[in-house]
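Asks: Sequence:
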Amino acid sequence: MTHPLESWFDEEAGPLVRPYALTNGRTTSSGPELDMLTSVVADDSADALHRAEPEYANILRLCRVSQTVAELSAQLRLPLAVTKVLVGDLIGDRQLIFRVPVPTETGPDDLEILRAVLDGIHKL
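Position 99 of the sequence shown, counted from 1, bears residue number 99 in the working numbering, the numbering being contiguous throughout.
There is no bait here: all hints are sound.
Cβ pair distances, simulated, as ranges:
id: 1; residue 1: V117; residue 2: L49; range: 42 to 50 Å
id: 2; residue 1: R61; residue 2: K123; range: 50 to 58 Å
id: 3; residue 1: V41; residue 2: A116; range: 38 to 46 Å
FYI, nobody ran anything at the bench for these hints, they're computed from the structure. For clarity, every value in this text was computed on a predicted model and none was experimentally measured. Note that beta-carbon positions come from the ideal geometry of N, C-alpha and C, so glycine has one too.
Work out the full structure, taking the sequences as your base and the hints as a guide.
Replies: Structure (structure tokens):
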């Protein structure tokens with residue numbers, strides 16, 4: 001049994017034609033800059049979906065619970081760049097709510113721990 005989302009594979013054209021067509025050749029969306037660890041969840045108060053491509057509906061279905069962009073990419077079996085564009089479109093349409101990952105700072109304690117680990121590795 002084939003996966004329902006494998007429809008973008010085309011024997012003759014190759015696996016990249018469908019994703020390229022999905023994004024109309026775009027490599028970025030008009031929405032926010034997305035990281036692969038950006039969390040997204042469907043906005044239950046949003047209006048009805050106004051996009052015809054089934055991938056958008058699949059993203060909304062998967063986002064009933066919070067997902068990262070990377071998780072969506074894997075579940076949809078789409079390249080990460082394509083998933084970012086599609087998710088960005090849905091954020092722009094106010095269909096998804098997003099939260100960017102909190103950047104971690106490397107403090108002096110972290111650097112000391114890393115040096116100690118490296119020293120231990122060198123001693124092996």
